[in-house]
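Protein chains in written order, with UniProt numbering: chain P, 1 to 464; chain W, 1 to 464.
Simulated from the structure, these hints should not be mistaken for lab results.
Everything numeric in this text was worked out from a predicted model, so none of it was measured.
Treat the hints with care, as some may be off.
[To be verified] Straight-line alpha carbon distances no greater than 30 Å define the calculated DSS-like cross-link-like pairs of lysine-lysine that follow:
| hint | chain 1 | residue 1 | chain 2 | residue 2 |
| --- | --- | --- | --- | --- |
| 1 | P | Lys120 | P | Lys157 |
| 2 | P | Lys120 | P | Lys29 |
| 3 | W | Lys29 | P | Lys29 |
| 4 | P | Lys120 | W | Lys157 |
| 5 | P | Lys157 | W | Lys29 |
| 6 | W | Lys157 | W | Lys29 |
| 7 | W | Lys157 | W | Lys120 |
[As the list claims (entries may be wrong)] Heads up, incomplete: computed chain W residues facing chain P, CB under 7 Å, no partners named:
| hint | residue |
| --- | --- |
| 8 | Thr57 |
| 9 | Arg176 |
| 10 | Glu330 |
| 11 | Gly333 |
| 12 | Leu335 |
| 13 | Leu336 |
| 14 | Asp373 |
| 15 | Ala403 |
| 16 | Ile405 |
| 17 | Leu407 |
| 18 | Asp423 |
| 19 | Leu425 |
| 20 | Met428 |
| 21 | Leu429 |
| 22 | Arg438 |
[Stated by the list, open to error] Far from chain W by the CB rule (all over 12 Å, computed), these chain P residues:
| hint | residue |
| --- | --- |
| 23 | Asp187 |
| 24 | Gly190 |
| 25 | Thr203 |
| 26 | Ala235 |
| 27 | Gly430 |
| 28 | Pro446 |
Cβ atoms here follow ideal geometry from the backbone N, Cα and C, with glycine treated the same way.
Number of protein chains: 2
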Amino acid sequence: MTDRSAAVAELVSSLPEGVVATAPAALEKYRQDWARDPDAGVPCAAVRAEVADHVQTAVRWAARHGIPVVPRGAGTGLSGGASAVEGGLVLSLERMTAVEIDPDARCAVVEPGAFNAAVKAAAAEHGLWYPPDPSSFEICSIGGNIATNAGGLCCVKYGVTTDYVLGLDVVLADGRLITLGGKRVKDVAGLSLLKLFVGSEGTLGIVTRATLRLVPAQLAPSTLVATFDSVRGAADAVVAMGRVVRASMVELMDRPTVNQVEDFAPMGLDRGRALLLVQSDAPAGAREAEMDVIETSCRDAGAVDVFVTHDPVEGESFVRARRLAFPAAEASGALLLEDVGVAVPQLPDLVARVEEIGRERGVDIVCVAHAGDGNTHPIVMYDAADADSTARARAAFEDILTAAIALGGTITGEHGVGRLKRDALPAMLGPDVMEVTRRIKDALDPAGLLNPGALLPLERAGQR
Amino acid sequence: MTDRSAAVAELVSSLPEGVVATAPAALEKYRQDWARDPDAGVPCAAVRAEVADHVQTAVRWAARHGIPVVPRGAGTGLSGGASAVEGGLVLSLERMTAVEIDPDARCAVVEPGAFNAAVKAAAAEHGLWYPPDPSSFEICSIGGNIATNAGGLCCVKYGVTTDYVLGLDVVLADGRLITLGGKRVKDVAGLSLLKLFVGSEGTLGIVTRATLRLVPAQLAPSTLVATFDSVRGAADAVVAMGRVVRASMVELMDRPTVNQVEDFAPMGLDRGRALLLVQSDAPAGAREAEMDVIETSCRDAGAVDVFVTHDPVEGESFVRARRLAFPAAEASGALLLEDVGVAVPQLPDLVARVEEIGRERGVDIVCVAHAGDGNTHPIVMYDAADADSTARARAAFEDILTAAIALGGTITGEHGVGRLKRDALPAMLGPDVMEVTRRIKDALDPAGLLNPGALLPLERAGQR
């Protein structure tokens with residue numbers, strides 16, 4: 001421990017005043033992300049980097065002393081990817097928030113601590129748009145979005161984070177900074193290292209700058225709300241409309257979710273049915289035809305009530321109902337948030353199996369889904385004061401992962417593996433893909449110091 | 001050599017009759033791709049795999065004997081990525097051509113030898129569309145498209161190959177077959193290995209199956225043709241329209257290209273000016289507003305003549321002019337085809353520098369560009385019978401690569417590095433990125449047997 005103290009003193013002296021936090025009270029906020037991982041450790045220090053050079057200094061220091069480094073954005077991650085490692089260093093990018101728009105090249109050059117919403121706002125000043133929109137977009141950082149390859153609500157039409165990353169500056173495990181890509185839109189020179197770093201959850205390197213592709217501003221959408229007696233009917237509608245039009249939002253709330261939201265904030269939702277929420281941002285003139293296809297798809301699939309509005313404000317009130325699903329669940333007690341996904345036609349099977357798991361384990365599960373992508377967020381609720389309830393909830397959580405894998409799906413569609421799902425990854429990917437993953441990790445981080453325990457299991461000595 | 005003969009006999013006996021070609025005449029067609037690499041070797045054999053198992057058998061055999069393997073699709077590559085290695089094995093996927101459409105999941109499951117056009121055609125039977133459209137789409141294979149992360153004309157709006165790859169089966173260097181991704185649209189479980197294999201030019205593994213994302217069928221486009229006194233004016237128009245609309249095609253032919261095409265197939269083009277060709281596939285109702293933006297952008301940027309047609313057949317006749325750029329250049333003699341790219345605002349600087357290089361080296365260069373992406377195809381023409389002309393053309397080719405790098409651009413936007421641009425890659429990526437690239441290569445292909453000499457320089461003994 002004396003060694004670690006001496007090392008920390010060295011770190012403090014090698015960076016400007018106020019960059020390194022070491023006081024226990026100051027470190028507390030760097031221990032966990034939104035996953036509230038109970039196994040999160042207490043770091044030896046937190047570096048609040050202000051420039052890439054601080055990141056390089058810290059990483060070189062960590063490499064020299066064999067100290068693990070957990071990179072951290074805004075701390076809104078849902079899978080424990082930013083849980084601190086006991087005695088390790090937290091490398092926070094929260095102070096690196098610069099956003100610069102190049103309207104001619106239609107790019108944003110962004111530091112990792114900038115919020116997603118800040119990029120959207122800066123782009124909007126030039127009539128441009130950065131599409132990826134995780135639900136937490138107002139408070140999550142671009143660095144975290146890149147680390148998890150974050151999705152969101154509009155990605156059913158506009159794609160996910162990786163589709164918008166044109167360039168990255170990355171600090172490698174040995175402290176070198178490399179630049180990949182840039183403002184050019186098309187580039188196939190060399191291996192797709194850029195895409196490898198996106199979604200690598202801080203295990204291969206630390207992003208210090210990103211060049212993001214922007215597109216012309218989105219038009220205000222029209223909104224359709226349809227109720228269904230069964231999730232299967234709603235999913236059939238999603239499949240049917242997807243063959244003809246590209247809706248800009250396709251969200252599903254199952255009946256228990258509708259009830260929970262209505263309990264939380266009464267707004268006159270139909271408590272007896274699942275709710276499908278679809279938006280079109282097609283340009284005026286084409287808008288009505290697209291909404292017609294969406295409406296017909298719903299009616300043909302057995303929708304009970306269908307309501308369409310071209311008023312964006314009224315439409316937003318329904319989107320608000322969808323956004324309240326998570327707060328409503330949170331208000332009802334402790335919860336485990338899932339993020340499993342399947343091919344769209346398997347969506348009803350997954351939702352049915354989740355219902356079954358709730359019954360089998362005796363826990364309440366509500367389920368919202370980015371239905372157009374087959375990505376669902378079952379929310380398992382439990383009583384944290386009750387050990388049995390907690391155990392049943394955890395068992396249900398694991399069952400849902402198993403169910404997704406059995407349906408040929410994924411254990412995480414947009415939140416990342418982090419530490420919470422790390423042990424489920426091998427069952428999904430199999431030994432050969434895991435072995436390839438480990439080879440890549442070892443090639444880029446031979447000492448295993450970058451975010452150890454996230455994504456991959458610990459395998460090396462001295463990591464914790 | 002006796003050893004190699006015995007090894008080949010072993011290979012022949014381990015695969016069904018007719019799968020392995022060994023006769024010199026039969027091997028001739030597997031020596032080169034469209035790059036016509038004069039340094040291509042003579043392979044010891046060519047395996048025409050019919051199922052993934054044949055690929056595994058061949059790769060295991062090669063691993064056992066330390067024999068290099070060059071994977072090959074339709075052989076339409078333009079950078080020598082499929083040049084045979086002397087005494088090595090060519091692994092042709094030409095016989096694996098199955099295409100299966102899952103209209104509900106909106107996917108195509110495709111073997112690598114299937115032509116791009118076959119995937120488009122199969123999708124169209126279900127009202128669906130596979131967007132990536134390299135100019136050679138009628139005769140290039142999906143495997144090759146994936147190996148190079150191929151682009152095309154519509155990628156300015158619809159993205160490139162990697163944006164459509166949801167799943168891959170890959171045979172690794174040791175013969176194991178791994179499955180990455182699948183029909184699910186969103187999946188962030190584990191490292192983005194899928195994206196790493198796309199664009200890896202056969203150096204990391206051999207794709208034996210791909211799951212490709214499909215979208216609803218494209219609408220027949222409207223077309224605008226505008227002439228400009230300068231490429232700079234045309235580029236200004238491209239930047240201006242790009243801030244407001246997403247055109248589905250934005251192609252540029254410089255004045256020398258227009259003249260060469262008009263010589264080759266007279267169609268009344270304006271010989272004195274550069275030509276910008278823009279299409280909109282916006283839905284009816286929105287179409288006219290989009291075309292108005294495009295037209296206004298051109299006129300504001302100084303277009304001399306602007307012609308708009310909503311007739312797809314008439315529009316296609318102009319696209320034909322663009323497609324004739326390469327055949328017209330070919331008809332005029334030997335040529336070197338470039339594929340350099342920059343951020344869109346740097347396009348005029350690149351084109352101006354290419355003109356300068358033509359003057360400096362005393363060679364004729366015509367230049368066509370996927371202008372909306374900043375990706376240009378300067379074509380350097382020369383007299384192959386004249387050593388001096390040939391040397392000047394090669395020098396110009398190298399100068400253009402250097403110019404693209406100096407402008408912060410790329411040496412290849414969509415054709416790949418292959419063997420033709422391998423030696424230029426380090427100047428673009430720098431030593432650190434090259435070193436990371438080499439580490440990934442070594443992690444996945446430690447013996448260096450997969451397409452040695454493509455993308456990366458040879459570094460190991462016994463590779464050729």
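To see whether the hints hold, each was checked on the structure:
1. P/Lys120 with P/Lys157: 17 Å, holds
2. P/Lys120 with P/Lys29: The hint holds at about 27 Å.
3. W/Lys29 with P/Lys29: 64 Å, violated
4. P/Lys120 with W/Lys157: Holds - the C-alpha atoms of W/Lys157 and P/Lys120 are around 20 Å apart, at most 30 Å.
5. P/Lys157 with W/Lys29: Answer violated: P/Lys157 to W/Lys29 is near 43 Å, above 30 Å.
6. W/Lys157 with W/Lys29: 36 Å, violated
7. W/Lys157 with W/Lys120: Judged against 30 Å, a Cα distance of about 17 Å means the pair holds.
8. Thr57: 17 Å, violated
9. Arg176: 5 Å, holds
10. Glu330: Violated, because the Cβ-Cβ distance from W/Glu330 to chain P comes to roughly 23 Å (cut-off 7 Å).
11. Gly333: With a minimum Cβ separation of about 28 Å from chain P (threshold 7 Å), the hint on W/Gly333 is violated.
12. Leu335: 21 Å, violated
13. Leu336: Hint violated; W/Leu336 Cβ to chain P Cβ min 17 Å, cut 7 Å.
14. Asp373: Constraint on W/Asp373 satisfied, holds at 5 Å.
15. Ala403: It is violated, given that the least Cβ distance between W/Ala403 and chain P is near 14 Å, above 7 Å.
16. Ile405: 10 Å, violated
17. Leu407: Where the cut-off is 7 Å and the nearest Cβ of chain P is about 9 Å from W/Leu407, the hint is violated.
18. Asp423: With a minimum Cβ separation of about 12 Å from chain P (threshold 7 Å), the hint on W/Asp423 is violated.
19. Leu425: Status holds, d = 6 Å.
20. Met428: Where the cut-off is 7 Å and the nearest Cβ of chain P is about 6 Å from W/Met428, the hint holds.
21. Leu429: 6 Å, holds
22. Arg438: This hint is violated: W/Arg438 lies away from chain P, its Cβ roughly 9 Å from the closest one there, beyond 7 Å.
23. Asp187: The claim breaks: P/Asp187 does not keep its Cβ more than 12 Å from every Cβ of chain W (closest is about 4 Å).
24. Gly190: 6 Å, violated
25. Thr203: Not fine: 8 Å to the nearest Cβ puts P/Thr203 too close to chain W.
26. Ala235: 10 Å, violated
27. Gly430: 8 Å, violated
28. Pro446: 9 Å, violated
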